[in-house]
Amino acid sequence: MNSSAIENVTRPIVPEPIENVYLPKVAVLDRVVDEIHELKTFCWHFEDPAEQRAFKRFRPGQFAQVSLFGVGEFPTSLPPSPTEDETFFTVRQVGSCTSALHQLKAGDKFAIRGPYGNGFPMEEYYGKNLVFVAGGIGLIPLRSAIVYALAHRDKFQRIQIFHGAKTPKELMYVPKLLEWERTPGVDCHMTVDRAGADWTGNVGVVGSLFKKPGVEVPVDNTIAFVCGPPIMFRFVIKDLLGMGFQERNIVSTLERYMKCGVGKCGHCCIGVAYVCVDGPVFTYEQIKKLGEDI
Amino acid sequence: MRARVLDRDDALKIVDLLRRQGYEVIAPFYGRGRDTLFDTVTDQNRDRVQIHLPNPYYPPKRYVFPHIERLLKVQRSNGDLHIEPTYEQPLRAIFGIRSCDIAGIFHLDRFYLGREFRDIYYDNRRKNLLLINVVCSDPEVDIGEECFCMCSDTGPAARGHFDLQLMDLGEEFLAVAGTPAGEAMFADPIFKKGTEAHIARRRAILEDVRKRFKPITTSWFSAAIQDVSKGEILEKTWEEIGNRCLECGGCTYVCPACTCFTVTDRQVGPNEIERVRIWDSCGLDGFTRMAGGFNPRRAVHDRRNRRFFRKLAHYFIQRELSMACVGCGRCAAVCHGDIGMPSVVEMVRRATAEVGKAEAEKHELVSH
Chain A
21 MNSSAIENVT RPIVPEPIEN VYLPKVAVLD RVVDEIHELK TFCWHFEDPA EQRAFKRFRP
81 GQFAQVSLFG VGEFPTSLPP SPTEDETFFT VRQVGSCTSA LHQLKAGDKF AIRGPYGNGF
141 PMEEYYGKNL VFVAGGIGLI PLRSAIVYAL AHRDKFQRIQ IFHGAKTPKE LMYVPKLLEW
201 ERTPGVDCHM TVDRAGADWT GNVGVVGSLF KKPGVEVPVD NTIAFVCGPP IMFRFVIKDL
261 LGMGFQERNI VSTLERYMKC GVGKCGHCCI GVAYVCVDGP VFTYEQIKKL GEDI
Chain B
-17 MRARVLDRDD ALKIVDLLRR QGYEVIAPFY GRGRDTLFDT VTDQNRDRVQ IHLPNPYYPP
43 KRYVFPHIER LLKVQRSNGD LHIEPTYEQP LRAIFGIRSC DIAGIFHLDR FYLGREFRDI
103 YYDNRRKNLL LINVVCSDPE VDIGEECFCM CSDTGPAARG HFDLQLMDLG EEFLAVAGTP
163 AGEAMFADPI FKKGTEAHIA RRRAILEDVR KRFKPITTSW FSAAIQDVSK GEILEKTWEE
223 IGNRCLECGG CTYVCPACTC FTVTDRQVGP NEIERVRIWD SCGLDGFTRM AGGFNPRRAV
283 HDRRNRRFFR KLAHYFIQRE LSMACVGCGR CAAVCHGDIG MPSVVEMVRR ATAEVGKAEA
343 EKHELVSH
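Protein sequence lines correspond, in order, to chains A and B. Here the numbering used here is used: the first residue of the first sequence is 21, the next is one more, and so on. Here the numbering used here is used: the first residue of the second sequence is -17, the next is one more, and so on.
For reference, chain B alone in the conformation it holds in the complex (with noise of 0.2 Å):
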């Protein structure tokens, strides 16, 4: 196994190690309150950097897909167009990030990268990004209340895709490669051989952690894909669900697997003009309005309808071979309608025990 241990107090000198090398190390920090949020690593915050803490809000998403990203310079002169592509590649290290968040990132690199036309300026992104993954092994402080990684299974720890993986075993750290770039930092010497009783520890704490989620209702995930994928779910229940929706996009916001955007141009000189791409949301109403005002899918439970189906229809998992739900319940939390994923797919399980009930009964009366 590509394993190494670690002391606890040598955990952040991976940061150091990473700085030093020329990353901007991206790591994540408590904010004025309880607030917890990711931000660039200085000499004056390396010290507050968090090994524990909750999973923040605003997903590490945007260091690969930016909120608001340029695209094009475009100059004007004498009747003439000159339209330059303007790229970043920046060299970044992302420490601490969740699992959850390494599926977004995953899910956004089959999206992004895996299919016909594949999107440079993502890719220039994610070239050279470095992702240092973090165990959600502490449930008093990892694991929120919306927590539903078990059943997205995408955590607590991520199985794949992340370049090195920290595990907290209490004195020491165990520190798993997941690419030949995580591998060659193990040749640090803070990087020590581990044994076996360090692997039975993290298994031991896995199992503990497992059992430390909230039992929520997400365990009727795949049910709930199975009946989105059959178009079995009636448009009441849609209705219902869409009359909770505020319509304010938050749900997209923070989601670390939505990909969709907008794009725009802006006037930044005289001659000078920027095409830039912005976060867009299919939960908006312009989001599919076009040019005379013709829109669509105008009803907000069409809206919903949309972006469940695009997070849950089998036909989108097996056309990206992964799931735009990671089961991070960042949409949970912050949604003002309580129709974040989990309530979502038990509000669907409800209506469809419902509809399976009505059935049963029906045939009852037919048979006797």
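Bound-form chain A, shown alone (with noise of 0.2 Å):
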């Protein structure tokens, strides 16, 4: 161990400013969209235009924590792309904060601060195949790589996107999703697992869809994103690998309970790995590696 390092971490010659991490700052918000039951999507915008300019530097996948004063703190995941112009979140009210996110209308004001996390490493899989498997919600977090590989098309080979969810009520960004199908080099497959008179699609789980007749999954130089509820992830794995897909090219983003979203309170800890600040994305390969079940 140097112990002048040490020194030097300790008590720093020239003090640095320190940033506030646990600071947010206060954003104004535009307007609510129904999406599905007891899920909405917020769009917003921080009320310092500066702060609003730092912030769209995020990546796909990362992440913000959302402060509701008075009652607490969340964090969410950004299913907006940097590519677009509206900030926005889609969250399901299922907690005291998200409760509160609920009650907010137009013109309200909250607090964000953020981004936070690694986020996907899209430049690293230009010249791939992209295949996005999603499971209900799961869609949200991957919304995101969704929409910058569709902004950077020519930097991608194929792009495939599987949706499931229980019911055709419960699939999320629909008319989202049934504008990417029309995207050139596109392939969008939604199933669900139970249907009812007016759904002429597939009926069955979301890895039903890779042996539909006419579904080619690419397995060579493909990255396969997948998210979505615990039990769809492991038969999604599982059928994956099977397909020969190798553990380094399937990757997730993981969600946990969190406080700080910076790597000190604690909470996101998964074996060796702080989610917040190691994750929430992770290759299939590191999942295994982490020491605890996920």
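Be careful, since some hints might not be right.
Unchecked claim - List time: in silico BS3-like cross-link candidates among lysine-lysine, alpha-carbon distance up to 25 Å:
1) A/Lys125 with A/Lys196
2) A/Lys308 with B/Lys218
3) A/Lys258 with A/Lys309
4) A/Lys186 with A/Lys60
5) A/Lys186 with A/Lys129
6) A/Lys125 with B/Lys212
7) B/Lys109 with B/Lys(-5)
8) A/Lys129 with B/Lys55
9) B/Lys218 with A/Lys309
10) B/Lys212 with A/Lys309
11) A/Lys308 with B/Lys212
12) A/Lys186 with A/Lys175
13) B/Lys55 with A/Lys45
14) B/Lys(-5) with B/Lys174
15) A/Lys125 with A/Lys186
The set of hints was computed from the structure by calculation and includes no laboratory data.
Join these two chains into a complex; the hints should help.
If you want it as structure tokens, here you go:
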């Protein structure tokens, strides 16, 4: 251990100013869009335009901490791509903070800090096929990477999107999916576990789409993005590995209870990794080596 | 060597010196019974400051990382939000801090200041904190049943990270400066030049003190680090450890190197809210519970596993270049289920030995 290096850490000779990583900035809610049951999209901007500009440098797959003062703070993924104009969150009403957010109306103020986390290394994926597999609201954190990939369409080979939900009513971002489907070189496939009379599409788990006639999932030179509930995750991973995917070419984004987002509070640790600073994006190869079940 | 000697009667004059310089001086005292505690020195209690005493259960960690600490003040008016961070930057000295607790504060330095995101609240409290270490040299009083700093390599005499270190040589104290701030104190006439004999006396006392530690099982500490790091400990062993955990969180509260906290908002006025952070414990059920109720670490043994993995895994020791266990033995002293660090190390050792024996027997059967 180099003792002089440690001395510099504990007692900086020239004290450099430290930024307050816990200080959120005021944001204004612009509009609220109903998505599916209990889910809404909240479009917002920072009160300070400089903050907005700084925040817009986020990468797909990163997340932010949202403050509802008096209730608390919660982490949420960033569904917009930095290539889009608007900044927004899609949030399910599930706990006290998210319920408080759901009460807000256009013009109301709250606070945000971030972006945090590693995000998807999109530049590393240039020249590859991208396969997105999303179960239910797992499409929310993948939306950013999808929109980013479509905005840089010439950088990638084939793009496939597989989205499954319990019922047709629980499919996420359907208008957006239909729009993506019309983009040349993009395949979109949807499936539901239980269909109603008005559903003409596929019925079955999301993995069943891979074997559908006419669907050909490229395996070589392909990155698979997988996000969804734990059970769906396990089965999709099994399917992908069975198709010959390498563990390092499967990426996912994890979520955990978090208080700080900056690797200090200790809540989001899984084995050796802090989800907030080492993740939330991990390859399946990394997930297996965390030393604790996800 | 940046060392001086001072008369035994002058030791507490260091406290006076610091108080005159405007420091709030924290020092250890006896409580009403046999309990001991760190408290602020005043004119009234100054003479009761103890040089030798059992290390208080409640570690001095709270002076850099308070139990409850305000982060922000938020005011609401006409729909507007005014967010103001609240900082405290006290001029403070801890007199009589033990070597294990010095290692604890060093670990907190590494954790809160040594990585990509630096904690400004911690930095503010740490910036002007002076640490006057006292070496545990009286085996009858200073060294407890549960102390194992010999195994964690943090004591009985800290090798660094203090501003000034005092060691009782009998009639005199030896003072060693660890930083320019500590060395500056030598300007006071109570400090005199030492001789080779003083250094030799220090060496002799330490040699004797090292022999006076209870021969507890933590001599297996490094072996446990290896086993935990390699993931070689069976689920069954963690379950045994978990079965004895009462989930009180006591071990984390007395730990000088635990860093976890939770953040909560509280209403302090009609339109005013405070955001505070509070110590949290990975041993508590709600620690990893997410909104909606899903809890990835529900089983108590998974949580026990977590605490010891965080403290012992080589990965984290490398990440912070310091270990999150400083050998103070407080967890062992407060745990009702007797699963403090020394016991866990012993349970891990026994389990690994059994597995090793079984392996050897199997091997013998095969080779015959």
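Each hint tested on the structure:
For the hint linking lysine 125 of chain A to lysine 196 of chain A, the alpha-carbon distance of about 24 Å falls within 25 Å, and the restraint holds. The suggested pairing of lysine 308 of chain A with lysine 218 of chain B holds, with an alpha-carbon distance near 21 Å, which does not exceed 25 Å. The hinted pair formed by lysine 258 of chain A and lysine 309 of chain A meets the criterion: a straight-line CA distance of about 17 Å does not exceed 25 Å. For a cut-off of 25 Å, the pair hint linking lysine 186 of chain A to lysine 60 of chain A stands: about 18 Å separates their Cα positions.
Restraint check for lysine 186 of chain A and lysine 129 of chain A: not satisfied, since their Cα atoms lie roughly 34 Å apart, outside the 25 Å limit. Note on lysine 125 of chain A and lysine 212 of chain B: the hinted pairing is violated, with a Cα-Cα distance of about 52 Å set against a maximum of 25 Å. Proximity of lysine 109 of chain B to lysine -5 of chain B is assessed by CA-CA distance (about 24 Å); at most 25 Å being required, the pair is judged to hold. Between lysine 129 of chain A and lysine 55 of chain B the alpha-carbon distance is near 16 Å, which keeps this suggested pair within the 25 Å criterion.
Pair hint lysine 218 of chain B plus lysine 309 of chain A holds up; C-alpha atoms about 21 Å apart against a cutoff of 25 Å. A distance of roughly 11 Å separates the Cα atoms of lysine 212 of chain B and lysine 309 of chain A; the hinted pair therefore holds under the 25 Å criterion. Restraint check for lysine 308 of chain A and lysine 212 of chain B: satisfied, since their Cα atoms lie roughly 14 Å apart, inside the 25 Å limit. For a cut-off of 25 Å, the pair hint linking lysine 186 of chain A to lysine 175 of chain A is broken: about 33 Å separates their Cα positions.
This hinted pair checks out: lysine 55 of chain B and lysine 45 of chain A have alpha carbons roughly 13 Å apart, not beyond 25 Å. Simply put, lysine -5 of chain B and lysine 174 of chain B have alpha-carbon atoms about 14 Å apart, close enough for the 25 Å limit, and the pair holds. Between lysine 125 of chain A and lysine 186 of chain A the CA atoms are separated by roughly 30 Å; this puts the pair beyond 25 Å, and the hint is violated.
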